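*Asks:* Here's the letter readout for the chains.
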Amino acid sequence: MTGAINIKTEAAPSRERASGPWREGWRSFKKSKISLVGAGIVLFFILIAMFGPMIAPEGINEQNLTKRLLAPSSEHWFGTDDFGRDILSRIIHGTRISLSVGFFSVILSVIVGSLLGIIAGYYGRWIDTIISRIFDILLAFPSILLAIAVVAVLGPSLQNALIAIAIINVPNFGRLIRSKVLSVKEEEYIVAAKAIGMRDSRILFSHILPNSMTPIIVQGTLAIATAIIEAAALGFLGLGAQAPSPEWGKMLADARIYLLKAPWTMIFPGLAIMLTVLGFNLMGDGLRDALDPKMKS
Amino acid sequence: MLHYMGRRVFQLIPVLLGMTFIVFMLIRAIPGNPAQVILGQQATKEAVEALNASLGLDQPWYTQYVSYLGGIFQGDLGISLRTKLPVSEEIIPYLAATAELALFAMIIAVVVGVNAGIISAWFQNSWFDYVAMVVALVGVSVPVFWLGLMEQWAFSNQLGWFPTSGREDVRDPITSITHFYLLDTLIQGRFDQFIEVLKRLVLPGMALATIPMAIIARITRSSMLEVMRSDYVRTARAKGQKMFIVVYKHALKNAVIPVLTVIGLQTGLLLGGAILTETIFSWPGIGRYIYDAIGFRDYPVIQSGILVIAFIFIMINLIVDLLYTVIDPRIKYK
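Heads up: the protein sequence lines correspond to chains A and B, in order. The first sequence begins at 1 in the numbering used here and counts up one residue at a time. The second sequence begins at 1 in the numbering used here and counts up one residue at a time.
Keep in mind that the hints were calculated from the coordinates and are not lab data. Predicted model, so just to flag it, every value in this text is computed and none were measured. Beta carbons are placed, not taken as given, at the ideal position from N, Cα and C, and that holds for glycine. Careful, some of the hints might be misleading.
Restraint-style ranges between C-beta atoms, simulated for each label pair [to be verified]:
#1 B:Gln-36 x A:Glu-187: 39 to 47 Å
#2 B:Asp-172 x A:Gly-155: 49 to 57 Å
#3 A:Leu-65 x B:Ile-257: 40 to 48 Å
#4 A:Tyr-258 x B:Ala-43: 30 to 38 Å
#5 B:Asp-192 x A:Glu-75: 29 to 37 Å
#6 A:Ile-130 x B:Gly-295: 45 to 53 Å
#7 A:Leu-43 x B:Ala-50: 40 to 48 Å
#8 A:Gly-155 x B:Ile-187: 43 to 51 Å
#9 A:Gly-155 x B:Tyr-324: 51 to 59 Å
#10 B:Thr-175 x A:Ile-130: 33 to 41 Å
#11 A:Glu-186 x B:Ala-154: 38 to 46 Å
#12 B:Gln-36 x A:Leu-43: 23 to 31 Å
#13 A:Arg-199 x B:Arg-28: 51 to 59 Å
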């Protein structure tokens, strides 16, 4: 709260130009140490995902049966699994899978959800009723269960898991955009744009959508966190990535029978999931506080 | 109040119908010939046709849906392809097992979560506040299935405090009356079995409770912080009321609405999340029932299992909605 006052008193005339909702958001995001930690974790995993194959000590499926289930050592930091594969290397390779599933499933649900939400919010009437009811119905299912049902129909694979996760997130984004559109729609500049005869599509995509971006970014960051857990859960149940993929949930499922003999086969992939998800959660919380002061808790 | 209840229930009808439609479409959405997919490539043509007929897949979809809906109203949830038993009968013990586990988990989550949130708000910025909120942050980020496995390793294999998995000791099976084992053992006066059942509930219950507990703690804290700043709390303090009473009686009462919403939502999500916990702890609940059915492509069981859980989820949310009016008389519905 003191931050807001400080900005006002600090703002020198030369800096005036630099202020704006994004700038201001970044300033208050920077102040929260815990969100910076989150952003740091996320950046760390993004770098691993990008340069993974270069930094991983061994390949994804490099087997060495003489080195089965070795405990963590200087040679194999996280130990080896039942095929003698280096667990650290597999986790590094798996980062790319988890992050892409999280990222792309959320992008997919944002696109579909935004479209539906915009249509419902802007056009209203019966279209709104139908779309909103569909959202209600989808939200009436516990999400992981709906994902399982979708995969049960489409067949187990990483791609179908991604689609399933995207579907369960659509109503969340759809509702968010719909309510945002409803409030923006009545603003004077939209009424003005209508009055000068601007086409609906232009109003929607160059005025309403950009003004609805903040909550999408916040919600999207938090949704990536849940999507990563859900992908891992589906992988763990055998409904997501299939062997020999180094997807983290699948790694846990494969390692389950060695829990007693070689707990490290389970500990590290789980820690990787937890840390990534924690990173996105912290960053999302920080973004919400910074960009959406009304939602501040 | 009655009027409001009636309207809320009435509003649920389209959602419930939509739910049945989605669940109905599940089996029809399987690419290709569903009966062939269910039976596998080696199945004879006769077998495929017979299954088509018994699932009603040979009729137009709207006829199928109407008869499906009619069946549900009469309590007919289909016949399991694997066991050939009616799902509506088969599902009850599984449902009870999940209910017992979910209730146990929710009690842990509410008692620990609400109190941690209250104490954090009471002593804001104290070490307790920091530790509790960090634990809560980590708690919402932890994959439940991994946590369950880690618990098994630590508390069962390493320390030997609790049994690894299962709902009862197979050497000393429980005679089931209500399918709620805690209740059954008490009715029969078998306290040794009661302790055994309780012990077996602890690990899966804790795993399942983690996420709701973390979320409840966070929401209680922020809701309490808001209320604690209000004038009437200051007045209560000023007139010399004990802090404990102010916090637990005056403040909590006004902070409880958002907490209640979250509790309702989380209870529903708990039912969905149970599928993972039950798989890990070999808990014979509805999650495990659905999961096994997926392996056998037992679609009637998958459909009905999902429908039942979604129905309970909706009902819990309805009850929470109605509870608002009881707790906060200012909320009036027209």
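*Asks:* Now tell me if each hint is right for this structure.
*Replies:* Hints and how they fare:
{"no.": "1", "hint": "B:Gln-36 x A:Glu-187: 39 to 47 Å", "verdict": "violated, 55 Å"}
{"no.": "2", "hint": "B:Asp-172 x A:Gly-155: 49 to 57 Å", "verdict": "violated, 42 Å"}
{"no.": "3", "hint": "A:Leu-65 x B:Ile-257: 40 to 48 Å", "verdict": "violated, 60 Å"}
{"no.": "4", "hint": "A:Tyr-258 x B:Ala-43: 30 to 38 Å", "verdict": "holds, 37 Å"}
{"no.": "5", "hint": "B:Asp-192 x A:Glu-75: 29 to 37 Å", "verdict": "violated, 50 Å"}
{"no.": "6", "hint": "A:Ile-130 x B:Gly-295: 45 to 53 Å", "verdict": "violated, 36 Å"}
{"no.": "7", "hint": "A:Leu-43 x B:Ala-50: 40 to 48 Å", "verdict": "violated, 58 Å"}
{"no.": "8", "hint": "A:Gly-155 x B:Ile-187: 43 to 51 Å", "verdict": "holds, 46 Å"}
{"no.": "9", "hint": "A:Gly-155 x B:Tyr-324: 51 to 59 Å", "verdict": "violated, 43 Å"}
{"no.": "10", "hint": "B:Thr-175 x A:Ile-130: 33 to 41 Å", "verdict": "violated, 52 Å"}
{"no.": "11", "hint": "A:Glu-186 x B:Ala-154: 38 to 46 Å", "verdict": "violated, 56 Å"}
{"no.": "12", "hint": "B:Gln-36 x A:Leu-43: 23 to 31 Å", "verdict": "violated, 49 Å"}
{"no.": "13", "hint": "A:Arg-199 x B:Arg-28: 51 to 59 Å", "verdict": "violated, 39 Å"}
In terms of the numbered hints stated before, the structure departs from hints 1, 2, 3, 5, 6, 7, 9, 10, 11, 12, 13, listed from lowest to highest.
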